[in-house]
Amino acid sequence: MHTRWFQVRIRYSATVAGLAASALVLAACGGDDEDEYGSGGAEAPGSLSFYTDKAAWEPQFLQVSDVSENALGLTLDFTGYSEADQYSAFIRQSFRTDEKPDLFTWHTGSELEDLVAEGLVAPTTDIWQQSIDEGNVPGDLREHFTIDGEQYCVPMNAAYWVMYYNTKVFAEHDIKEPTTWDELVAAADKLVAAGQTPFYETNILFSFVWFQTLLAGTDPELYAALSSGEASYTDAGVVDVMNRWREMHEKGYFGDPGDQTEPQVQLKNGTVAMINFGTFLSGQLNSVDMVSGTDYDFFIIPKVNPDLEQTPLIFETGPICTAEEAQNRDLALQYASWWMTEEAQTTWANARGDVSFNPKALINDEQLASLNQEAGTDGYQLLERYFEATPTPVLTAALDEFSAFVTNPGDPMPHLETIQAEAEAYWSDQG
Amino acid sequence: MTGTSVAPRERGASYQWSARAFGLPAVLVVAVLLYLPFVWTSVISFTEYNGLGSPEWVGLANYREMFDDPNFLTSLRNTLLWVVGTITIPVGLGLLIAVMTYDMRFGVWFRLPFLITYAVSPVAVGVVWSFVLQNGGGLSQVLEAFGLPGAENRWLLDEPMNTLVMIGAWAWQQTGVNALLFVIGLQSIPKEPLEAAKMDGAAGWRLFRHMLWPMLRPLTTVVVGLALVASLKTFDIVMAMTEGGPGRSSETLALTMYREAFVNSAYGMGSAVALFLSVVTFIAAITYLRRQLSPRHEW
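Going down the list, the protein sequences come from chains U and D.
1 is the number of the first residue of the first sequence in this note's numbering; add one for each residue after it.
1 is the number of the first residue of the second sequence in this note's numbering; add one for each residue after it.
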């Protein structure tokens, strides 16, 4: 009797154990329907789940969140990733779950097109029209958020790419802010002759910066055509730009591309005299106790080709998007609309120490404030940063090739041919 | 046995069901966590897939493209350098340190410094060594201070030097643990045959070649086997030191896989590289272990 009981008991226990394990696995695979706002998402209706790969910007996002709590009754439930690739994979995977993000930062260009093609992002056409009508955003910006006639996402930030310089180094060598390309070259020559490295350059990630500056400053139409696949990386105009870049290397204009010291530290220490960088460098320079207008300043990079009517000015912007099937989709869109207002942008730009896309935002930093105004005048042609303007597979190949080129400047053709091969593969896939 | 008895056939069947039920959780865990991802990765490798929507079947296109890509071949070359470098340097040095110190008084104090580095994570090793090896970094400064040649070398920028110095950094970390494993092996060798050999006049190289080396064989097989697999999947230290660059000059197969899948969101191509790497690792490990553990194998 005991044996029989024991057998039944074992069989029962084993079955329960098996079912429990199966349930555990299934629970892990499935969504959690009972948690209305999601475990990683918002805690209450007044809180929106917000994901970004800019983990270091958490304090600034939370400053805006404090303001939005008063203005809208909505706050951001912040989740930051510090690794961009991990973040991209996470967001892509999240669309396959029940926890789609209310708000998330992303990239314009092909990355956004990928999401829109699958119907994953909520359109923002009405928000854009209203913001343009109210003067909260320049109409020119709209095209970068437009896919097949509809707008998606709103701009998270704006930055212009300018030339930062160490004011003490400039004063020491009696150099004034250059207003033409020839003056910039003369300043670089003067610095090299004095044993001072003129320009910062890196072979990690931002290896494209000088290619962007030289090509946009020489032939902005070719720059735009390259981004849209209408021109080839092996065109004579591109080859000429690469050769000019090589000559600049040969003249000793650039610092060590393998130096992993942060750019703000290199400028502070005088390792380099100038850094071609986005205006978000202001915040980084302030963080190493450099004072805007006293220890550092910047100027708009003069056009390389003096015959151009306008001076090309590189700008970058990254979007904040809402998932079409997000739990708090409508509230998130309300937040996106508010994000573009003067109130939000004044808080955001000053928290970040950067410019804003909203011309009405009150920027505390005088240099940045005047740049914000000047950039909107007729003398400048705004061109999207190479990083966003170039489709991802082409960009990845280009960053590698530019990295190799700045490390060992030589014949540019093998590098350009490699990028062009990737570009042809990409554009042929696009039909 | 009292009360109602159970027929042997019936009892056997119920035991079988119980056994199956007990085995079910383990089978499920293995199936869901190990087999399923492998099968799914294999399927995805024959598709074009950006992580959104549905994968599009492209047959062998990813594999053809992979083998046509010169960067993939560079990656393959670098991975082979890692295999050869890892087996010769950290394993070889570990063996040398173990043999020289295993029966030495206070030998542990000689081995300890080598072992401390094992406590450091490969990423931290990469970060520290990239400070040492960057242009004008610690190594160049030391060479310059002593007037030695090489101060101008761009250790992490020029290929294949960048891969070779990274293997050096890896050896710095791994040698100690290999030495420890070899010491365990050496200390487990029976004393009697060694004493007998010594009385017969064997010492130094002869003692090592004819006594220690053959008796260490089981452990050497394990150490080399582990090093072989670890080197084929080299990722973290390269990611921390060069990210596979400049260009793609120091990329390994694991970095190529990461780059395709997570940087380019080309999950099909990333899976193809992953499958290739898995198959190569599997074949290398099985071939090596079969050969080493075969009873007919002679040294």
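Don't take every hint at face value.
Claimed, not checked - So the derived label-pair ranges between C-beta atoms look like this:
id, chain 1, residue 1, chain 2, residue 2, range
1, U, Q63, D, G53, 57 to 65 Å
2, U, Q430, D, G59, 40 to 48 Å
3, U, E417, D, V229, 54 to 62 Å
What the hints assert, rightly or not - Calculated pairs, SDA-like style, for lysine to any residue (alpha carbon to alpha carbon, straight line, at most 20 Å):
id, chain 1, residue 1, chain 2, residue 2
4, U, K268, D, E152
5, U, K360, U, K190
6, U, K251, D, A19
Unchecked claim - Example chain D residues on the side facing chain U (calculated, C-beta under 10 Å, incomplete):
id, residue
7, T220
8, T221
9, E243
10, P246
11, R248
12, F262
Rather than coming from a laboratory, the hints here were simulated on the basis of the structure.
By construction, the Cβ of each residue, glycine as well, lies at the ideal position given by its N, Cα and C atoms.
Hint by hint, which ones does the structure fall short of? Result: hints 1, 2, 3, 4, 5, 6, 7 and 8 break, sorted rising.
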